[in-house]
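Take the given structure of chain A and dock chains B, C and D to it, following the hints.
4 protein chains.
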Amino acid sequence: MKSTRTYLDPIHREIILDFNNPCEKLICDLIDTPEFQRLRRIHQLGITHLTFQGAEGSRFTHSLGVMQIARKFIKIVSPHFPDIEEQTPFILASALLHDIGHGPFSHVTEKILDLDHEDWSCRIISDDTRVHEILDNFSKTSNLAANIIKILKKAYYPKYVSHLISSQADFDRFDYLLRDTYLAGTSYGMFALDRILHSMIIDTKDDRIVIDGDKGLVAVEDYLFSRYSMYTQVYYHKKNLAAKALLASILSRAQFMLKNQIRLNFCDDATKKWLLKDGLSTYEYLKLDDIQLNYHLKRWCEEDDAILSDLSLRFLNRRLPKTMYIDESELSESLISKIKDTLNKHGFDPVYYFRVESTGFKPYDYYRPEASLPQTNIMIKTNNGQIEELSKLSKPIEAMTKNDYATSFLTFPSELVSIIEQIKELQSCAT
Amino acid sequence: MKSTRTYLDPIHREIILDFNNPCEKLICDLIDTPEFQRLRRIHQLGITHLTFQGAEGSRFTHSLGVMQIARKFIKIVSPHFPDIEEQTPFILASALLHDIGHGPFSHVTEKILDLDHEDWSCRIISDDTRVHEILDNFSKTSNLAANIIKILKKAYYPKYVSHLISSQADFDRFDYLLRDTYLAGTSYGMFALDRILHSMIIDTKDDRIVIDGDKGLVAVEDYLFSRYSMYTQVYYHKKNLAAKALLASILSRAQFMLKNQIRLNFCDDATKKWLLKDGLSTYEYLKLDDIQLNYHLKRWCEEDDAILSDLSLRFLNRRLPKTMYIDESELSESLISKIKDTLNKHGFDPVYYFRVESTGFKPYDYYRPEASLPQTNIMIKTNNGQIEELSKLSKPIEAMTKNDYATSFLTFPSELVSIIEQIKELQSCAT
Amino acid sequence: MKSTRTYLDPIHREIILDFNNPCEKLICDLIDTPEFQRLRRIHQLGITHLTFQGAEGSRFTHSLGVMQIARKFIKIVSPHFPDIEEQTPFILASALLHDIGHGPFSHVTEKILDLDHEDWSCRIISDDTRVHEILDNFSKTSNLAANIIKILKKAYYPKYVSHLISSQADFDRFDYLLRDTYLAGTSYGMFALDRILHSMIIDTKDDRIVIDGDKGLVAVEDYLFSRYSMYTQVYYHKKNLAAKALLASILSRAQFMLKNQIRLNFCDDATKKWLLKDGLSTYEYLKLDDIQLNYHLKRWCEEDDAILSDLSLRFLNRRLPKTMYIDESELSESLISKIKDTLNKHGFDPVYYFRVESTGFKPYDYYRPEASLPQTNIMIKTNNGQIEELSKLSKPIEAMTKNDYATSFLTFPSELVSIIEQIKELQSCAT
Amino acid sequence: MKSTRTYLDPIHREIILDFNNPCEKLICDLIDTPEFQRLRRIHQLGITHLTFQGAEGSRFTHSLGVMQIARKFIKIVSPHFPDIEEQTPFILASALLHDIGHGPFSHVTEKILDLDHEDWSCRIISDDTRVHEILDNFSKTSNLAANIIKILKKAYYPKYVSHLISSQADFDRFDYLLRDTYLAGTSYGMFALDRILHSMIIDTKDDRIVIDGDKGLVAVEDYLFSRYSMYTQVYYHKKNLAAKALLASILSRAQFMLKNQIRLNFCDDATKKWLLKDGLSTYEYLKLDDIQLNYHLKRWCEEDDAILSDLSLRFLNRRLPKTMYIDESELSESLISKIKDTLNKHGFDPVYYFRVESTGFKPYDYYRPEASLPQTNIMIKTNNGQIEELSKLSKPIEAMTKNDYATSFLTFPSELVSIIEQIKELQSCAT
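Sequence lines, in order, name chains A, B, C and D. Going by numbering that gives the first Met the number 0, the residue at position 167 of the first sequence is 166; the numbering climbs one at a time, nothing skipped. Going by numbering that gives the first Met the number 0, the residue at position 298 of the second sequence is 297; the numbering climbs one at a time, nothing skipped. Going by numbering that gives the first Met the number 0, the residue at position 304 of the third sequence is 303; the numbering climbs one at a time, nothing skipped. Going by numbering that gives the first Met the number 0, the residue at position 33 of the fourth sequence is 32; the numbering climbs one at a time, nothing skipped.
So that you can see chain A by itself, here it is in the shape it has in the complex (with noise of 0.2 Å):
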């Protein structure tokens, strides 16, 4: 009788899952639920696909490779630390299901709607789902379903199990970085998890994570220079906020036409209450994907409202708004004024055609509202037996977390580059 089942990954490479262990079989019961198997309709990376054409993975496929991260570094410390035994089933299940609340291109629209994925996450894992059966039935005593929650709310003791999975140096964020990397055809994301994953070390005093400085701390700072290299070069990428920019002005205006009852030709009973924001179920929300969203995309370029059907078109063969940088000390209102005055006359309402789009990251912030969840940082062991924060022992990582990321976009119809580009020189000149 067979008793294993394999999952091949470009990443991971063999994933094997075991069904006579129960944790193994725990997990292969969760992969099969429908909850789960959602996941392979939501795109890793949202819309970056139309950037960078081979960053076309699933959420399922990330969330299995987390979930392997995790089982690679439980075996490594359980020969030292026997007592984390009793915490794998909330690990590796916890791993698996980090990403279950993702809704229609994961963080772009998120950002857009206002919305979080981890309290649907919460949800899905507390309401009446496949999901939350399998996790009460996998003992009376463990009450898997609410511990989850509360290791994905940070709530969870021991505290470190909430580190492995959401922290500055967690499993999920190893995981794609490896991978997008990978599928974006580049090199900057690469670091060596290995040499990182042997070097945590579980704190059991101050419950935490912790670096053993002598072998990790080098890779710790490569991963944080990889994570550095993705944000500027891949997730940031000027013509990802232009693609960002046109799906929110688009969703916007959706929202704009059911709001004041204007009539939209295609749009199902779900994504209504979803762009509304208005009492939708977790069944309901469950039949949201990039799937539904796409296919909506593309029924809104045959609408009547000729704002929503031209960005639709646009979105759809990927006509994207031109984007324009902008020092924050040109940003004036009189500029603003003068661009949406123009986009007017030329027939383009600048409540949907002109965004300025902001981008700012921290590669590793050390101040950050978690500030009061301490064991996020990054912590490392020194020579002497030490344990200090990671950027007062590196100078670069110091430098990395100070600086400032932020740069500003102007988006708009790239038909009017030229025009846009006259005004931006003269303004630059008047002052």
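In short, the hints are calculated from the structure, not lab data. Be careful, since some hints might not be right.
Chain copies aren't distinguished; within one or between two, either way the pair holds.
Unchecked claim - Computed list of lysine-lysine pairs in BS3-like fashion (alpha-carbon distance at most 27 Å, straight line):
1) Lys394 x Lys361
2) Lys24 x Lys237
3) Lys361 x Lys380
4) Lys214 x Lys394
5) Lys214 x Lys423
6) Lys394 x Lys237
7) Lys110 x Lys149
8) Lys361 x Lys152
9) Lys238 x Lys394
10) Lys237 x Lys380
11) Lys271 x Lys258
12) Lys272 x Lys286
Okay, now just chains B, C and D, sitting in the frame of chain A:
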């Protein structure tokens, strides 16, 4: 003024196109057409990602790769064979566009609905499309659109051009083997592409491509072994066959309902015409893609028709049919009718819940219908200057060619696996 | 207190050995012996780096890799077959030590001087060496040294242990194929190692290794295709044959001089005894390596003997003999004597400047001298539970096995290439 | 007639040189010289393979790689900057020959014996060697030999040519980082070479190389992070420092014996002159390589001198000294004299058995002696067209540059580790 455009690809790394080069400008313009952008919405491997989760790439990405291999080859050959320059726009454009006619789930639905993507490729190139317009504008004399159709139909002169795009050793296969093995997380499909490209000779006397045996014989054998391994391990994996069988049942049920005017709550016009094979225009065909079909599958989960909704739910949530290997000698009518009776008894209509799937391929066929177009075979130039068909020089390839790789499987709902196993065993005993 | 030692390997990445594990402690101790460290000074591929410049790795690195594959296999197998634990020290130590007896330029000089590295492996393991001492100290009962010799000689029980170390599909070949293809910059030798390891079953009934055909048949075919490609493209490359022919002439000239008491200005004692095959002790044998032989070749460039110094200079500066393919039917005595006359006429002693090199190998031989040890063949367990020899199940492998890959080459100074070409052509016309 | 020669390389894959191209013919001829073939016998990484066993590649393989990167760059640049054609022979030949003067164990002995391989490179190029002859024969007007020397000495015009061969971002570093990380089995050294090559602009106005910041800024930062990681993790690994300290002691003991006429049983003439720095001719220098020095180390294991034979045996069998980290504040004279007393007491002459090794590097130094040659710095062209030195634009690089990475280690026989630890601790308490 920026004069290049860069595509990053996981297989070929940087693909840099120069607008100042008319052929590369042409390629950029073709990529930007709605018809080519549509390939972003069609998976390269149909529904294989249900079995190999990493295989999530699109025909868009693959088509760029085929074009890039064509460019590499032209660069290698042109110092020794400058005449290739006049063929360059034909080669590059047909490499890029060879898949432009693919429909939803690529080959999968082609077989189920008995359609031919190459016919549609020709229609899209010759009809009133943006692709057609750009091809027409390229030059007054080159008659690009008509000639690309000839290349795809293997009716173009010089004939070697077709050989590069479609033969036993063409750029299409080179790209998809390397790409699929990579995304599927296997090592089977790797072979020495550079070596083959360097050993390809344009034989002007007989107007065909010939391999310099000294340089490339083993590389070509290795390529065919890779192809063989990928077919048995990936493309014809039994889970993949199961998924295809399930999809066939769904489409055939929807067809039946449309033909017999059984009410379908959701079916857009293009999909209706496609399923009924009824007067689909090129414009309508271009609305079809994986998005459209997947959305229908999702909506069909909620149809009133019990068969359609049940099958669609199974597909969406990946509850695939069971595949059971069967020796052709066992495949008696009495066995099949017994199984069908059992299905009926358990409430499963055997028309939709039972299929015999048979698979067969030849990694290198030297007698094929195309034997009348012998330039599609692999010809080797030996040490002494003679040119021979590959299987006459290579015993392992000859053996591969002659072997019969067909196997048959019964597919049925996994709920019935133990009952059908019993029937099959009883039957075996009886004979 | 640090309890692990890490070796980083380009193929297997991190090899981490734990001192607390007695078997892994044993491996560390064996690595630290002078006898094993000597393998750092012996190239894995003899003089193949003269043809494939990247192939510069050592037997040391390879031996660690073989041991690591053995560890991987044991990890995979042990949950299902815990009995392997008692074989672990035997398997790991013989994997590590299987090449301990190799001499200068590995197989190259073995053939020239008619030596056998396996005899020397056994002597080094059984004589008074540090390796012997460590094996003896491992445990009172396991009799490690004697048993490893049995394993290397295929006389150990259980027999499957020998099969893992030395057979048609052993850890040695797995490692060298992957490693050599990587260093040589080719793709030929890549195959799915993990898949094969996962499909290997210990058949306790017949005491042998069997491949689960369902999982591993194609992976094993692919491995044999890789082996076949590497032999034809790398190991038996004609430049490689030329370099070997030149080295053979040098060693045979030095032997001749020593036997006939012609003065050699430089030859250390161990080298002298090695060339004369005269009472070399194990202690002296261990002084031999690529360093010692290369240094002699360098010094011999300045010998008074014109033949030895000329040949050595050619070798050192890589002025290799010309290889000319010759069909066996053409290889007449009259041709050979004509060529020898020509060489003599131009001042080249044909004894040292002319050789007929013939090469032949079978990627998978099912009739071999070892046929009396049938466990070295590859046995496949089919779907129906039967076990058959691979070539009975796979047509391409059968064809490969039956084929004759032997080819012959004339080797001679490249100065004479046009003259010898003429002779050869005249001869062909005459017949 | 075959007109190309192919080198397969693990990093750059196929390097194909065409005899019909005069520059590529030149490269082939230079490769075939005895002087360049000698680089096969010198490890790229000195004795680093004692610590990272895979790092067994030669300067020969690396030099080919540097030349190949130069070719790639020229191909990228030439469409936009056709003037590079006249510099092509200078760039390719100096890329190939930049390491021609390296001696035994490369940089390791250079430091110990205070030699400079660049001086020897210039002598080998200008003296009566085969390399010189080929350079001279290339063309009557180009004065190749003299100009390559100028390039290596950074005295050539146009200056950008030197920048390509030797600067903070040169082809040499690009190749060795990628190659070393690969052979050492790490991921640290990977960076986006193609991207950097595509972003390098020849700034003819100021005669230097400038990076297009938009394209290449992050890629260059990533390259410097890679360099930083490789230095800390590989090149300055403490085991590597220990091996170098041991070698320094051996060579210094042999020097001492030669200077004081203490009998050495084995030392060939070239080695003697090299150690005594006494009138070594170019002809003699070319006899030196890793083979010669390793052979001496092997023979010295049997010298009568107890120190030389003991140290040589330790080196040969890799019994490396212990390295103990020491804070510079602890490095008092009293500590050192206590340790030396202890060594003496245990029969170890501290002159040969004790060293304080200090390591320091800057991954990117913007104030260096070469600051007088500012073209070796990395200059970035920003969005607004201005050109600035990298560390002024990148905070993390600025931090890296300013940081002090020097650390100190005591090295001594591992037999004394516990005693010296006690001394060190006592000393710490006292202060």
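Quick rundown of the hints versus the structure:
For a Cα distance limit of 27 Å, the shortest separation of lysine 394 from lysine 361 qualifies both inside one copy, at 15 Å, and across copies, at 13 Å. In this assembly of identical chains, the alpha carbons of lysine 24 and lysine 237 lie at most 27 Å apart only when taken from different copies (22 Å versus 43 Å within one copy). Taking CA atoms no more than 27 Å apart as the test, lysine 361 paired with lysine 380 passes in both settings, with 23 Å inside one copy and 24 Å between copies. Taking the shortest Cα distances, lysine 214 and lysine 394 sit within 27 Å of each other both inside one copy (18 Å) and across copies (26 Å).
Taking identical chains as interchangeable, the C-alpha atoms of lysine 214 and lysine 423 lie at most 27 Å apart only when they sit on different chains, with a minimum of 23 Å there against 52 Å within one chain. In this assembly of identical chains, the alpha carbons of lysine 394 and lysine 237 lie at most 27 Å apart only when taken from different copies (22 Å versus 29 Å within one copy). Taking the closest pair of Cα atoms, lysine 110 and lysine 149 come within 27 Å of each other only inside a single copy of the chain (24 Å); across copies the shortest separation is 49 Å, beyond that limit. In this assembly of identical chains, lysine 361 and lysine 152 lie within 27 Å of each other by CA distance solely inside one copy; the values are 22 Å within and 42 Å between copies.
For the homomeric pair lysine 238 and lysine 394, the shortest alpha-carbon distance between copies (25 Å) is at most 27 Å, but the shortest distance inside one copy (32 Å) is not. For the homomeric pair lysine 237 and lysine 380, the shortest alpha-carbon distance between copies (19 Å) is at most 27 Å, but the shortest distance inside one copy (39 Å) is not. Taking CA atoms no more than 27 Å apart as the test, lysine 271 paired with lysine 258 passes inside one copy only; the shortest distance there is 10 Å, against 32 Å between copies. Taking the shortest alpha-carbon separations for lysine 272 and lysine 286, both the intra-copy value of 12 Å and the inter-copy value of 26 Å come in at or below 27 Å.
Checked against the numbered hints given earlier, the structure satisfies every one of them.
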